[in-house]
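**Student:** Protein chains in written order, with the numbering used here: chain L, 1 to 498; chain F, 1001 to 1226.
It is possible that part of the hints are untrue.
Here are the simulated lysine to any residue pairs, SDA-like style, with alpha carbons at most 25 Å apart [stated by the list, open to error]:
{"hint": "1", "chain 1": "L", "residue 1": "453", "chain 2": "F", "residue 2": "1075"}
{"hint": "2", "chain 1": "L", "residue 1": "438", "chain 2": "F", "residue 2": "1150"}
{"hint": "3", "chain 1": "L", "residue 1": "438", "chain 2": "F", "residue 2": "1142"}
{"hint": "4", "chain 1": "L", "residue 1": "97", "chain 2": "L", "residue 2": "40"}
{"hint": "5", "chain 1": "L", "residue 1": "436", "chain 2": "F", "residue 2": "1132"}
{"hint": "6", "chain 1": "F", "residue 1": "1077", "chain 2": "L", "residue 2": "289"}
{"hint": "7", "chain 1": "F", "residue 1": "1077", "chain 2": "L", "residue 2": "278"}
{"hint": "8", "chain 1": "F", "residue 1": "1077", "chain 2": "L", "residue 2": "142"}
{"hint": "9", "chain 1": "L", "residue 1": "195", "chain 2": "L", "residue 2": "278"}
{"hint": "10", "chain 1": "L", "residue 1": "436", "chain 2": "L", "residue 2": "457"}
{"hint": "11", "chain 1": "L", "residue 1": "438", "chain 2": "F", "residue 2": "1198"}
{"hint": "12", "chain 1": "L", "residue 1": "438", "chain 2": "F", "residue 2": "1068"}
{"hint": "13", "chain 1": "L", "residue 1": "49", "chain 2": "L", "residue 2": "289"}
{"hint": "14", "chain 1": "F", "residue 1": "1077", "chain 2": "L", "residue 2": "40"}
{"hint": "15", "chain 1": "L", "residue 1": "141", "chain 2": "L", "residue 2": "109"}
{"hint": "16", "chain 1": "L", "residue 1": "436", "chain 2": "F", "residue 2": "1082"}
{"hint": "17", "chain 1": "L", "residue 1": "151", "chain 2": "L", "residue 2": "234"}
Covered stretches of chain F, as calculated for chain L (at least 3 residues, CB under 8 Å) [what the hints assert, rightly or not]:
{"hint": "18", "region": "1072-1083"}
{"hint": "19", "region": "1180-1191"}
Here are a few chain L residues that face chain F, going by a calculated C-beta distance under 8 Å [claimed, not checked]:
{"hint": "20", "residue": "36"}
{"hint": "21", "residue": "39"}
{"hint": "22", "residue": "442"}
{"hint": "23", "residue": "445"}
No lab work stands behind these hints, which were simulated from the structure alone.
Note that CB positions come from ideal geometry on N, CA and C, so glycine has one too.
Chain residues, written in single-letter form:
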Amino acid sequence: MKRLVVFMALVLVLAAVSPAVVSQADSGYSYNYDFWGEEIHAPNPYAVKKALTHVELGLDKKLSKAQGLFVKDNLIYICDTGNNRIIVLEYADEEYKVKEIIESFEGAEINTFSSPSDIFVTDEYYFIADTENNRILKLTKDLKFVMDFTKPDDINFDQSITFLPSKLIVDGAERVFCLVKRVNKGIVKYENDGKFNGFVGATPVTYDLFDYIWKTWIASDAQADAMSDFVPTEYDNIAVDHDGFMYVVTTNFYEGSLIDGSVDPVRKLNSLGNDILIQNGDWVVVGDINWNDQGVYTGSSRIIDVTALDDGTYFALDRTRGRIFGYDDQGNILCCFGGNGNKDGYFRMPTAIEHMGHDLLVLDSQDAQLTIFTPTYYGKKIFSAIYEYQQGRYDKSADEWREVLMVNGNNELAYKGIGRALLRQNKYEEAMDYFKIKYDDDNYGDAFQLYRKQWVEDHVVLIFIIILLVLVVPLLIGRIKKVRWEVKAYENESKKNS
Amino acid sequence: MKTKARRIVDFFTNRAAYDRFFKSLRYALYVILHPFDGFWDLTHEKRGSLAAANFILILSLLTCVFRLEFTTFQFIKVNLERANFLVEMLGILLPFIIFVVTNWALTTLFDGKGTLKDVWIASAYAMTPYPLIVIPNTILSNFLAEEEDTFNYFFHDFSLVWSALLFISAIMMVHAYSIGKTMICIIFTFVGMAVVIFLLLLFFSLISDAGAYFYSLYKEVIFRIY
Chain L
1 MKRLVVFMAL VLVLAAVSPA VVSQADSGYS YNYDFWGEEI HAPNPYAVKK ALTHVELGLD
61 KKLSKAQGLF VKDNLIYICD TGNNRIIVLE YADEEYKVKE IIESFEGAEI NTFSSPSDIF
121 VTDEYYFIAD TENNRILKLT KDLKFVMDFT KPDDINFDQS ITFLPSKLIV DGAERVFCLV
181 KRVNKGIVKY ENDGKFNGFV GATPVTYDLF DYIWKTWIAS DAQADAMSDF VPTEYDNIAV
241 DHDGFMYVVT TNFYEGSLID GSVDPVRKLN SLGNDILIQN GDWVVVGDIN WNDQGVYTGS
301 SRIIDVTALD DGTYFALDRT RGRIFGYDDQ GNILCCFGGN GNKDGYFRMP TAIEHMGHDL
361 LVLDSQDAQL TIFTPTYYGK KIFSAIYEYQ QGRYDKSADE WREVLMVNGN NELAYKGIGR
421 ALLRQNKYEE AMDYFKIKYD DDNYGDAFQL YRKQWVEDHV VLIFIIILLV LVVPLLIGRI
481 KKVRWEVKAY ENESKKNS
Chain F
1001 MKTKARRIVD FFTNRAAYDR FFKSLRYALY VILHPFDGFW DLTHEKRGSL AAANFILILS
1061 LLTCVFRLEF TTFQFIKVNL ERANFLVEML GILLPFIIFV VTNWALTTLF DGKGTLKDVW
1121 IASAYAMTPY PLIVIPNTIL SNFLAEEEDT FNYFFHDFSL VWSALLFISA IMMVHAYSIG
1181 KTMICIIFTF VGMAVVIFLL LLFFSLISDA GAYFYSLYKE VIFRIY
């Protein structure tokens, strides 16, 4: 009877405890890719903090086809494209409140917007891609028209197309870099006085020899026209990191070339327009490695926006499955989370991603809502481990990685991070163990070379003795055999003689 | 009249048989260094044996697995959860069998002197460098760092090239061909292998289709009855 009571009490305690455990694990499906490209379940690095629609914000009407998102300090700018307005939210005291709604401005003939699809905010000015009005606006903060950037009157720019600027960024000298629809020569660059200054960073044109021969000599003219042209692809979005490097993404590529790395959906451009994205991870920066086609969600990830955090990590937003992929500055995959659906933290047609500190903001045009993610304990530990490493405090970084391992024993970077710290402390053998678990051959090779050197130095006497034995013993044996043979020969000789 | 047990004991303790086996096995070392002379004597002077040939073949298959398993992960990464070592071994054994059979089938038409047994023995002897080099190479790899992988790859490829040259001289000597005829013979052997593989695939797919037909017939009948 007493046992039964104890058992019942235990059950009750468990029942009281377990809901908390369940609710913590419930809020999404996060995973990571291991060395073999298989998905490994992982804890959630991010949790939904808020999901804001027009109801929560107290707006008169729903967001419509919202395309653009921008964050500066504690202000969030949403381009409410379908309603031709820009909504400014202020984040203060853990609350997101509407600060301002920009619908018109002063000083220009057309003083309203038509499908504004992106905004960039500097300390003094707003830069707005006013798509259907065929212009990029530069406004002061009190909404006075300064100037506009229109269709370049230049021989390099195809005059037959309508000028539809879609996405833009502005650099420190207030030069505008803009993506224009149906322009595939790269990013359109304007000087700060509004002068067109050429194109930057077109994608390299790739085609194989077979395609070339087929198209030039074998296919008929009609067939050749139907085949895809050997031209650069159009970019879909552009972002800028705190160092001023541009991140551009494209969703126009051949899926089959993704995994071998011959197309780059995400590119980081320097001022010359060259791709300098570091891809040292086990896998290329392409989003999902396994596509696991299910229902309507088929094919590769199509990354439509990137946001680069101050510590060099960046998060890519996938249109196909509504997922968010985190990468560190070396191109190692940090986490994958999110998905398509109607729950908080899931999307239907995500269009833009931005960050505020370590929080992530995702704009969903079809759900007409802004979702705000904030790092969980697990995510915070990863960030602080990366931060400590960048600050040069390697041991502290390793301690943070150990805490990450407590939460997720499969975290690749944690093993590598701890291994690197052990290597610095000259604990080669332990470091080798950590590297070996995650197939990090480069670091393992370094650790192994040091370990081998140390081992030889420690055992130099033993090695000499062994070499000596190997050389001397056969000599001795040969000598003894020879002496014996000579003795025998002598004996035989003397026997014969006697 | 000997009992069965006695015969088995005799079989395993037959000193002369062991001597023959080891002698023919040791002859492989001569063959790989003196291929023309060696392969001629191997079959024409009966210096080799089927037992030794099979021993070399099985050793080669095991070497393949040994290499995958025990080379340091820096050079060869094997997903042990997914790897099937029987499949890895079949990947060598099946081409070997098809090669030998096709080659024999072709050379009987083009007045080759070798029998199927001769081709089998000579081909197996030609594989000797593979275990001979790859086993020490695998052990040695565990003392190398990632930057020194060239050594590992070099010795592995070296053993393969050596084996390939031995294969050519084996075919040449066994069938008493000239070098030009050997080359043509080998090219045709590869074409023949492709044909054999095609026929095998066709055969298996037809068999499985036929099986599926009778199975669906059986299911139809069962559904009608119940």
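**Student:** Each hint: holds or not?
**Tutor:** Outcome of the hint check:
| no. | hint | verdict |
| --- | --- | --- |
| 1 | 453/L to 1075/F | 20 Å, holds |
| 2 | 438/L to 1150/F | 23 Å, holds |
| 3 | 438/L to 1142/F | 18 Å, holds |
| 4 | 97/L to 40/L | 38 Å, violated |
| 5 | 436/L to 1132/F | 28 Å, violated |
| 6 | 1077/F to 289/L | 19 Å, holds |
| 7 | 1077/F to 278/L | 23 Å, holds |
| 8 | 1077/F to 142/L | 62 Å, violated |
| 9 | 195/L to 278/L | 33 Å, violated |
| 10 | 436/L to 457/L | 24 Å, holds |
| 11 | 438/L to 1198/F | 41 Å, violated |
| 12 | 438/L to 1068/F | 18 Å, holds |
| 13 | 49/L to 289/L | 28 Å, violated |
| 14 | 1077/F to 40/L | 19 Å, holds |
| 15 | 141/L to 109/L | 19 Å, holds |
| 16 | 436/L to 1082/F | 18 Å, holds |
| 17 | 151/L to 234/L | 18 Å, holds |
| 18 | 1072-1083 | holds (count 5) |
| 19 | 1180-1191 | violated (count 0) |
| 20 | 36 | 5 Å, holds |
| 21 | 39 | 14 Å, violated |
| 22 | 442 | 6 Å, holds |
| 23 | 445 | 3 Å, holds |
Of the hints listed earlier, those the structure fails to meet are numbers 4, 5, 8, 9, 11, 13, 19, 21, in rising order.
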